[in-house]
Each structure stands twice: as structure tokens, then as C-alpha cells.
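2 protein chains.
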Amino acid sequence: MADSPTQTPIVAALPASVPFVPPEALERQAGVKLRLRLGANESLFGPSPAVVRAMAAASAEIQLYGDPDCWDLRERIGRLIGLDSSHIVIGGGIDDLLGLFVRAYVAPGEIAVISAGGYPTMIYQLDGYGARIRRVPYQAFRNDADALVDAAMEARARLVYLANPDNPTGSLLDADTLGRMIRRLPADCLLLLDEAYAELAPAGSLPLIDGEDPRIVRLRTFSKVYGLAGMRVGYAFGAPATIRPIDRIRNHFAIGRLAQAAAIAALEDQDYVADTARLIQEGCRDYADLAESLGFRALPSATNFVAIDVGDAARARSILTRLQHDHGVFIRVPGTAPLDRLVRVTVGRKDDRALFAEALRAVVRHLG
Amino acid sequence: MADSPTQTPIVAALPASVPFVPPEALERQAGVKLRLRLGANESLFGPSPAVVRAMAAASAEIQLYGDPDCWDLRERIGRLIGLDSSHIVIGGGIDDLLGLFVRAYVAPGEIAVISAGGYPTMIYQLDGYGARIRRVPYQAFRNDADALVDAAMEARARLVYLANPDNPTGSLLDADTLGRMIRRLPADCLLLLDEAYAELAPAGSLPLIDGEDPRIVRLRTFSKVYGLAGMRVGYAFGAPATIRPIDRIRNHFAIGRLAQAAAIAALEDQDYVADTARLIQEGCRDYADLAESLGFRALPSATNFVAIDVGDAARARSILTRLQHDHGVFIRVPGTAPLDRLVRVTVGRKDDRALFAEALRAVVRHLG
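Going line by line, the protein sequences match chains A and B.
All the letters of the first sequence, read from the start, carry residue numbers -19 to 348 under our numbering.
All the letters of the second sequence, read from the start, carry residue numbers -19 to 348 under our numbering.
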């Protein structure tokens, strides 16, 4: 008998790592408040005022559990995407849903495919459930759709993860490329298509929604353009045969009353979403101009952040460090080569961008 | 190759059941709104007004993720329970934490012990992670501490779950009984002590807090007396060696900004908690008087609900059905014998209780 409770073999083997060091931890380490949070792709434009009103109204009933079926929210999402609610499951953000789909569809020791440098929280979930991971290199800072399917075929993978629009590059695979990828995908392989930034992709660029293909699950969130990162709501949709088994394992009361009310109100103000998307796209252009003026190249972005290629990893790391220490500006640099030469910056409001431009210019001047 | 993605063996074997049918589903089935929700042990007294103010303030920053370390909240909880924050982990309610501890400490096929008729969501989590369940009968509507340990020893169980104060009976095991149980617990067996109703137990009745015993994890929540069921925050505490591995698997950004702000404000108004506890205890006495006046016996309660023994399961089921259909009153009856002769009713405010008393009298008169 062990002399204390022991973790399961899978959990015991996990490193004591976290997917992301948060800005709050940086502040605690440095003992100073950051001036500008441009590292987590939060929407500094905030939610619609209608959402804030809906939250205030719902807070009068905060002593009550939310509806575990998230009935009204699923109905409302269904109208937006043109599927009935049997195709939809709600989670506590995409992170939560990634964990649930890995748990449901990838047994310990089975294989999942992801781009090398892809979303750290997806890696964290795969590791956490004992999956084996096959990594596929990016090509010119874009996901390599063909190579992802090739790897899935060769490895007999149970799951492929693809972010589109992509994080951390901001790149987009067009509907034709994705269509070809999906046609080649093995019948028993699940494609988790992380569309956290869907509302920011150019109109018509995402694949049409097919609610019948059991291999495709698409994930969206209220944490980005909807401005509700602090509320934790996301959704997944696909064929009911693939979606509904999640009901056997999800925490049924996980999505609180306020979260559901906020998400419903956010969905109902699509004008605000469109306006915010336009403001963000304007911000992306500002960042591209800024990068060019400093002799760098901004990758095209279909998201609310811009990845600036600063040439090499050491320089990217220096820029991150100096921005943080000297200017109180929080950004991120991906941890995996060759993405680690990218400086990833969230699009802020006009004032935020001016502050960032000033800080980045000073840092680049200082680094020489 | 399967012709579509298939679930893991554990998930494929799960029934399509839910731990609880929610009142919203009852309303949708009946096509009418319930008048009174007395089935989920929500606090109809609501949260402190200071909490509502804190939530309104935090909603101005709802576009930002919450601190994944929940640093301030853990510090504040630590001061309340007299442990430093390395002993504490935050979850999305106790339900979330139960899942995390099962996942971390019970490998598929290993054994967990629980009272027969114990918390359905704990059963759901154990089933969901492929644990085998050993059930121990209640004795006179109380958890049988000695028998739970006997079963754990005999089955070489990895985990024992015990709710204290108990749901659905409302009963309490005193500190001496628990102390004896803990002394006998095998060294490698984890005791998950669900203290969702801790704040309602008589002063001094719960075991002293020991932050060093690696076998004991205690779970508490903001969903009951704090009045924040719709916000989803709970916490677990124990020895860091047992608590900290949860950081390897939890969703790090799961606890939103508003949830953290609400929980902190709730902790800071302990006068409100004490006042609410007194009002609830008054309500328990009202229900006991009501039960007696109808010839039933209310079990003593250390929670915010009362279990009324109506003599047999058929009668309990009839009372539940009639209350719901004829009076729009939602209560619960446990699904497992012999607890299924109990009618479990949440303590509402004075007006709620008057409505309930009227409805119950009418139903009992009608049933004869």
C-alpha cells in the first residue's frame, strides 16, 4: 500500500506545467501593474452595452443554477448557424470543450495530430488524457492541411486539431483547402476545427456548415469578438451523433445563469459584432503599417491579433521582455520554432494601439 | 476502420442519463412556469447586496480572462479557513472539483465507496471516469461512517465520498465520528468530504481543519448559503501534495473574472452569511412543524433543506407529482431506496414557505 493517495498513471506522469503564464502572474512577479494587456487576445472593445445590461438583470437571480440544457442559448445559436439545437453543445469556453472531445474520442495511447506550435491548451488537454501527439510543421506560418491529413492517415489518428483562423499566426485556410482536407480525412478520424476567431474571418471564407458529417466538430466562443472572455462560454457544433455523447460526460450545471444570459444578449446584437470586427480589422492594418515602418513584416491576420515576424527568436524574446519590463505591455511570443520569431499582439482600441506603437518603437530603437 | 469517429470504451459504455432533471426541463415539458423552485437547494435568500455590487463593477472588465491562479480568491479563502493558498484549489462548483479529483486519483477499474443513494453527480463522475462503485447502505437515514471505511478496506478502494452535512438527508456526523473514521481510513485512500452545507452546520460540529493529512480533501461552495449557484465557484482544500496535482489537469482559465469577484465579495460579508444561516435554520424549524402537523417526521437538518419522511416511496412520489402539476412547486425525492420515502424541500423565504405549506397541505389532504 502506498503511504498516501497516489495519482493515476496518466496524471502522475504529467509535468507541473501550465498552458499559459497569465498577466496576473507577471504582475505578481514584477510587483507592478501592467499598463496594457495585449497578450491574451481579449477584446479590448468589450461587449455590447446590451450584454452588460442583460448581466445586471440576470444578477438578480444569481442564487439560481443555470439551465443545464442551455436550452435558450442553444436555440439562439442554432438560428445563427442554421442548425437545430441537437447539433450544439455548450461549454465553459473552447478550452473546456477541447477537453471534453479529447476525453470522449481519444483513449489513452491513441494518437492526435496538431500543427507543431499549435494551441498550447490543446496539447495540455491531449497530454492530460494520455493521448500521443503527432506534430506537423507549419509551412510559411500557415497550417499545412494536406500534411495534417497525411499524418492522420499514416498514424491512424483518432483526432486532428486545426485552428482556423489560426492562433498564433492569424492565418486562414480558405474553404476550398479545408474542403479538400475534409474529403481526404479518414472516416473514423475527428476533425476539431477551432474557430475561436470565426467572426473575424472575411465573409464567405469559412467552409459552409454541414451538420451531418460525423467527422467535423467546429468550436466557437464568446471570449473573442463578443468580448466575454471573463464569462467563459463557448459552443461546439456538428452531427448529433458526434455532439450528443458529450452530454454523458460534461458537467451539466457548469454554465451559470449569468453566462447564459450574457451569451444570449451578445448573440442578439450582431450589429455590435460587425462593428467590432470592422474596428479590429482597422487595428490589424495599423499594426501592419507599424511593423513595416520598423522594417518587420506583419503576417496577414483573420483574427483580433497580428503576428509580426521580427526575423529571429532571440529578437522576439528581447522585444517581449523589454515591452513587459520597460513599458508594462503584455504580449506573447510562441514557444515553438519557427513560430518563436513572431511577436503576437492583440488589437487594442486606438489609444491602446498608440501606446503600443510608442512602446514598440522605443524597444526596437533600444535593441538597435 | 469504423465508419465514423467512435467514443472511447469508457464513454461508449455510459448511459445517456443526466444526474438531475432540471426545473427548466420540467417547465418545458409541462409548458408552464413553476411558481416555486424548492428542489435544487439554491438559496432563495440570494447573495449579499455587496456581492451584487461587486459583480456590477467586475462586469466592466468582462472582456478580460480571470486570473487562472485565482490568487486573490485563494488568499481570501485561506484566511477564512486558516491555511495558506497552496492548500486550496478553485473549481467551477463542487461538481467540477469532484470530477477533477476522481480523474486524478481513481484510474479506470479502480474502486470508490459511496453511500447508497449518495450524490448523483458523484456517481456520474465516477461512472464517467470508469471507476467501479461500492455502495454502503445508510443507517436510519445517516451515513454509516464505520461501514464506509470497512468497505474501503475490504475493496482496497482508492476513494471514499462522504457528504457532511449530508445531501439528501440533511444529517450530520459529528467531529468525533468523523475523526474515528479518518483514523481508520487506509493510508492510500482519499476521503472526499463534500461540505457544500458547511456554513449551516452547528458551530463546532465539523472536524478541525488539518492541512497536512494527504488523505483528506474537503470541498465547499458558493452555491448554497452564499447564494451564488448561478455563478459556479467552489473550492477544495487539503494537503498540498494532494491538492496541487489538480493544477496539472484543471482548465486553467475556467473560473471567470466575475465569478472570482463575486466569490471574494461574498467571503468578505460573513455577517450576511451568519444572518442567512439563522434565517435558514428558522425555516428548517418551520418545515419540521409543518411535517409534524401533517403526521410526518422531518429529519433533523444541518443544511438549507429538510427531508420529510412520508412513510413510503409511493406516497413521496405522489406528493412530488401533485406539488409539481397542481401547484407549480418543484421539490425532489431521492431515487434510491430507502431514501425514496423522503420528500426533500429547500428552505425558502417566509413567503415561499407559506406557499409551500399551503400546497403541501392541499396535496396531503387530496391524497388522503
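Hints are computed from structural coordinates only; laboratory data are not their basis.
One or more of the hints may lead you astray.
It does not matter which identical chain is meant; a pair holds if it fits inside one copy or across any two.
[As the list claims (entries may be wrong)] With a straight-line Cα cutoff of 20 Å, these simulated DMTMM-like cross-link-like pairs (lysine to aspartate or glutamate) come out: (1) K330 <-> D126; (2) K330 <-> D269; (3) K13 <-> D289; (4) K13 <-> D331; (5) K13 <-> D255; (6) K330 <-> D292; (7) K330 <-> E41.
Cross-check of the supplied hints:
no.: 1; hint: K330 <-> D126; result: neither (39 Å within a copy, 66 Å between copies)
no.: 2; hint: K330 <-> D269; result: within (14 Å within a copy, 65 Å between copies)
no.: 3; hint: K13 <-> D289; result: neither (27 Å within a copy, 57 Å between copies)
no.: 4; hint: K13 <-> D331; result: within (18 Å within a copy, 48 Å between copies)
no.: 5; hint: K13 <-> D255; result: neither (30 Å within a copy, 37 Å between copies)
no.: 6; hint: K330 <-> D292; result: neither (28 Å within a copy, 69 Å between copies)
no.: 7; hint: K330 <-> E41; result: between (37 Å within a copy, 18 Å between copies)
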